[in-house]
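Engineer: Next come the chains, spelled out residue by residue.
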Amino acid sequence: MMHRMREFRATATRMTVIVASVLTMCTAESVTAFVSKLEAQSTPAVSVAPLPGVDTILDARAKAVASRLRCPVCQGESIQDSPAELAAQMKSLVREQIASGRSEAQVFDYFTAKYGQWILLEPKPEGINLLVYWLPVVFLVVGGGGIAIAVKRWTRPKPLDTLPTGVAANAVATPSVSANAVSPPSL
Amino acid sequence: MNWKRAGLLTLFVGGPLIALLSYGMTRDPRSIPSPLPGRDAPVFSRVVFAPGNDGVLRLPVGDTVRLAAHRGHVVVVNFWASWCLACRDEHQDLSAVARQYGPRGVRFFGLLYNDQPDNGIQWIAQMGGQAYPALEDPGARAAIDYGLYGVPETFVVDQRGSVAHKFVGPVRPGELGALLDSLLKANPAASNPLPSDAPLVRTLPSGSKP
Amino acid sequence: MTRILGMASVWIALILAVYGIAMTTIGLTRKRGELLVSGMQTVYVNFVLMTLATGAMIYALVTHDFSIGYVAQVGSRTTPLFYTVISLWGALEGSILFWGWVLAMYSAVVVFTNRKREGGLVPWSSVALQTICLFFFILLVGPANPWHLVTPTPLDGPGPNPLLQNHILMAVHPPLLYLGYVGMSVPFAFAVGALLSGEIDSADWIKLTRRWTLSAWALLSMAIIAGMWWSYEVLGWGGFWAWDPVENASFMPWLTATAFLHSVMVQERRGMLKLWNVNLIVSTFLLTILGTFLTRSGIISSVHAFTTGTIGYYFLGFIAFCLVASLVLVGGNSEKLRSTGHFESAASRDTVFLFNNLFLTGFTFVVVLGTLFPLVAEAFKGVKVTVGAPFFNKMTIPICVGLLFLMGVGPSLPWKGATKEQLKQLFIAPGVVALLIVVASLALGMRDPYAIAAFAFAGFALTCNLREYWVGAMARVRAHGENFPVALVRLVGGNRRRYGGFLAHMGIITVAAAITASSSFRFEREATLKPGQLMPIKGDLSVRFKELWQKDEPQRQVIGADVEILHGTTVVGTLDPRMNFYRTQEQPVPTPSVRSRPSGDVYLNLMAFTQDGKSATLRVIIEPFVPWIWFGGLIVALGAVLSAWPVSRRSARTVTESRSAPYGGRGPSYTPGGAVPATGMANTGMSNTAMPNTGMTMSQSPTLPS
Chain A
0 MMHRMREFRA TATRMTVIVA SVLTMCTAES VTAFVSKLEA QSTPAVSVAP
50 LPGVDTILDA RAKAVASRLR CPVCQGESIQ DSPAELAAQM KSLVREQIAS
100 GRSEAQVFDY FTAKYGQWIL LEPKPEGINL LVYWLPVVFL VVGGGGIAIA
150 VKRWTRPKPL DTLPTGVAAN AVATPSVSAN AVSPPSL
Chain B
0 MNWKRAGLLT LFVGGPLIAL LSYGMTRDPR SIPSPLPGRD APVFSRVVFA
50 PGNDGVLRLP VGDTVRLAAH RGHVVVVNFW ASWCLACRDE HQDLSAVARQ
100 YGPRGVRFFG LLYNDQPDNG IQWIAQMGGQ AYPALEDPGA RAAIDYGLYG
150 VPETFVVDQR GSVAHKFVGP VRPGELGALL DSLLKANPAA SNPLPSDAPL
200 VRTLPSGSKP
Chain C
0 MTRILGMASV WIALILAVYG IAMTTIGLTR KRGELLVSGM QTVYVNFVLM
50 TLATGAMIYA LVTHDFSIGY VAQVGSRTTP LFYTVISLWG ALEGSILFWG
100 WVLAMYSAVV VFTNRKREGG LVPWSSVALQ TICLFFFILL VGPANPWHLV
150 TPTPLDGPGP NPLLQNHILM AVHPPLLYLG YVGMSVPFAF AVGALLSGEI
200 DSADWIKLTR RWTLSAWALL SMAIIAGMWW SYEVLGWGGF WAWDPVENAS
250 FMPWLTATAF LHSVMVQERR GMLKLWNVNL IVSTFLLTIL GTFLTRSGII
300 SSVHAFTTGT IGYYFLGFIA FCLVASLVLV GGNSEKLRST GHFESAASRD
350 TVFLFNNLFL TGFTFVVVLG TLFPLVAEAF KGVKVTVGAP FFNKMTIPIC
400 VGLLFLMGVG PSLPWKGATK EQLKQLFIAP GVVALLIVVA SLALGMRDPY
450 AIAAFAFAGF ALTCNLREYW VGAMARVRAH GENFPVALVR LVGGNRRRYG
500 GFLAHMGIIT VAAAITASSS FRFEREATLK PGQLMPIKGD LSVRFKELWQ
550 KDEPQRQVIG ADVEILHGTT VVGTLDPRMN FYRTQEQPVP TPSVRSRPSG
600 DVYLNLMAFT QDGKSATLRV IIEPFVPWIW FGGLIVALGA VLSAWPVSRR
650 SARTVTESRS APYGGRGPSY TPGGAVPATG MANTGMSNTA MPNTGMTMSQ
700 SPTLPS
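Chains as they are written, first to last, in numbering that gives the first Met the number 0: chain A, 0 to 186; chain B, 0 to 209; chain C, 0 to 705.
To be clear, the hints were calculated from the coordinates, so they are not data collected in a lab.
Take these hints with a grain of salt, some might be off.
As the list claims (entries may be wrong) - Derived contacts from chain B toward chain C, CB cut-off under 10 Å, selection only: (1) Leu7; (2) Leu16; (3) Arg26; (4) Pro28; (5) Ile31; (6) Ser181.
We put the beta carbon where it would ideally sit given N, CA and C, even for glycine.
Only chain A is shown next, with the shape it has when bound in the complex:
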């Protein structure tokens, strides 16, 4: 038991670092806003945790940036989503940089300079990376055009006239039958 406790003491102390960084994220104005809001509703015996401001524009921007940065110690997760310690620290760094007036692009540049393009969860739309953005568009456009042409060729103007009589009388859709149907190349 004691042995186990010692083992995760290391982890626990690491956790306190997270705690500290979370606390540093609390901005003064958001705390006051929450406290004043909470004073109205909470009973005197309850103490209320100071909270990071969640709904400010700054937070929204930091969150948007953090969810586009890959967590280096995880697998494909963003630092926004990752529970890892380094991710939390990177998140607070993002927040700090944005608070100090850096633009989103500058924050991305900072991280790219440190970790390489790999850190961006979405490849920069430049150079060869343009392929990954435009090939699907080309696929859909060419495919859509192909379908338009094919439908035109495959559809005969007055289908009922060419159908065998018994079937044409029956208004239900009918499997194609005629041998003289256009035989276009299959899709």
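Start from chain A and add chains B and C according to the hints.
Structural biologist: Chains B and C only, in chain A's frame:
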């Protein structure tokens, strides 16, 4: 069977895909090249929490180490943690290299990554001491500045202050030694050893340039 | 002993597979009936052998026989029995063994259920299946041998990956996944069989193939949803889909199989798109192998990638073999796959299916491209790039919105096409619903155009699909005076394939709407609390951290936090998010705690704590409508089962008798019941093998409510 069409399809559809996948087999997705080598080393200013063994590299606890103050010297920056198993593997080697190259003017610093200094001190004691000082890195800011993926990672900064090399995982002492030799040879003027009893930070005027 | 049994079984199966392939092929080409039979019989023996091998492995796991490599790798005396058994698929070798067993089972079922069928289709298909089996048997005696001897025998093992012994869904998701994923080999085998036997033009093979694809698709759909659920309940980040390569691996074949299930109807009705459909089947199978290669070879980093050895090279070789074989077979035979039919109208369901296929294959293209692009970038530019969730979301959300739209249009449009007037009638009601949703969304403050469009089209499509039930049932009510529920049951029973399909649509729509809602209205807050402290969340909802506790279990130590959920000052529930410390892993494994209500979940994760128990960091996520994702998955599965369930013998006979319109569009007419879907008998020839358009006339009838 239309063998011509079959062959063409195989060549132009199958071929490239198989080639791409085969190429992929030669790559390791886990090794990501750092953009830092060749660029200016990110500067840091960190507090010493463990002094290092007696010798040229020792620094008093509480001193602040500024990387910028070590321009003109080759600096080895090692990121480690007490909870990191691979750090145990490299510890002896790194200390040995430090003992060898410290007197030749190479600075060694261990930066503690996501760990408490108390744990670090305990760990160093367990490992039988460490030749060079250990510094705190609260919030892992220096680690992020260096684009750290995990520990241990070791950066070698040359006399001009740019990153010469990054070691991922335990350092290979032979490689590190050879690299230090070549850096010292390339710019021997700056590698004058210091008197062994002089604490590094105080003897160097801040911002000194070669 | 167990070791010998397992190894011997696999080796004999391997030899028999070679024998079976050789004998069946010789039997077919030299017209030697006895060799053919002898060759095909091996699938039964192999199924028994693989069952023995798998049983032996489970026995070894349960008895902790650590002399066996796989047991030494994933077993542990402290792991609970349940997780010991399911660790069969917890690591590479075991999962390959399980794969081999599923494949052997499918091969036996395919041969058995078609034993009376004449012609070369099934024998050639069995050759294809045996070849795939052979590959897996080779893996099992080669790079993924689970039986290798460990000396000296360890006293204990590390136990399975903590992530895989953390949740009961690990007993559900992987088997479903393998059943669905491996099931896609069967349609592929049929395609190969049809091409090799020259029966590609027969109506039979496509029907068989459709049935098997549908079953595998249903299992794969459930597996994907179960995987999402597992990821949500276990990984602790509050999401369910991360576009990780392993998720993409299961998703890519699902997309192409979905495309096939739609376009196959055009082939059945019109005799068109034959080449295209074969391509879809082949691609589906190749994508399962590609997906396995990507996650097993270590070529691309992935959460669930197993540790790898040389197995990647085997898979690469197998992909190359399958790809070349398919291209040669399909490309070389493409003349035989000419279309024989034509469309009746441009504004018909056929056209919708074409666009459906374009979007689904476009979707697949995005996923394949995104998954492989890091390799392309590295090969050509030498840079490591990441293609992650933001990319996939950006590219696929518009496609999803388009698919939602088509999901409404398709079922509404008749096969024979609709006039402008009919179109107006058809789409007024769903259009109004969509418009109302847009207005409501804007009023609620939503601004994301894609989210609004997704909701609007989800409403649109749901209305369209529901109307099919409504109109059909009401017609029966009027025609036969049945009461509504009876009419509904008989309507569905009369054409299960059609209404099962619509039900699956509604499931997908539910999933799509729930995903949109959960990502649009997700709300999260994180704070460090002292015992007794309150954290307000949203509205009058708040959580109170009560205390930390600790529990020692044989394989792990659990730290948990007791947390109350409050509405105002009333406690409405308690949650206990945990952090598990496994002996074998440095990083703790979180177990989030979730309170589910139809309106959404409260998702609580313990992020950190101080050792003295004086504080805990909690992350609370409000996840609106998430339970509807799992529920939608269930509806999809129900719809697919309804669609695929074999016809009862009695109605099957009726179908055979009334099967006047063979698939491939060469028949003279359609079954007479088709004109009036509301015929009195529920089990007429309209049972599920019949054409999918019955009842279609109703939506064009003048009585259409609009």
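Engineer: With chain C as the partner, please determine if B/Ile31 meets the hint condition of a C-beta pair closer than 10 Å.
Structural biologist: holds, 5 Å
Engineer: Given B/Leu16 was flagged as interface, is its beta-carbon under 10 Å from a beta-carbon of chain C?
Structural biologist: Constraint on B/Leu16 satisfied, holds at 7 Å.
Engineer: Was the hint right that B/Arg26 lines chain C, CB cutoff 10 Å?
Structural biologist: Holds, because the Cβ-Cβ distance from B/Arg26 to chain C comes to roughly 6 Å (cut-off 10 Å).
Engineer: If you take the shortest Cβ to Cβ gap from B/Ser181 to chain C, is it below 10 Å?
Structural biologist: violated, 25 Å
Engineer: Close enough to count: is the Cβ of B/Leu7 nearer than 10 Å to one in chain C?
Structural biologist: For B/Leu7, the interface hint holds, since the closest Cβ of chain C sits about 8 Å away, which is under 10 Å.
Engineer: Could you check if B/Pro28 really has its C-beta closer than 10 Å to a C-beta on chain C?
Structural biologist: Because about 4 Å separates B/Pro28 from the closest Cβ in chain C, which is inside the 10 Å limit, the hint holds.
Hint compliance for this structure: hint 6 alone is broken.
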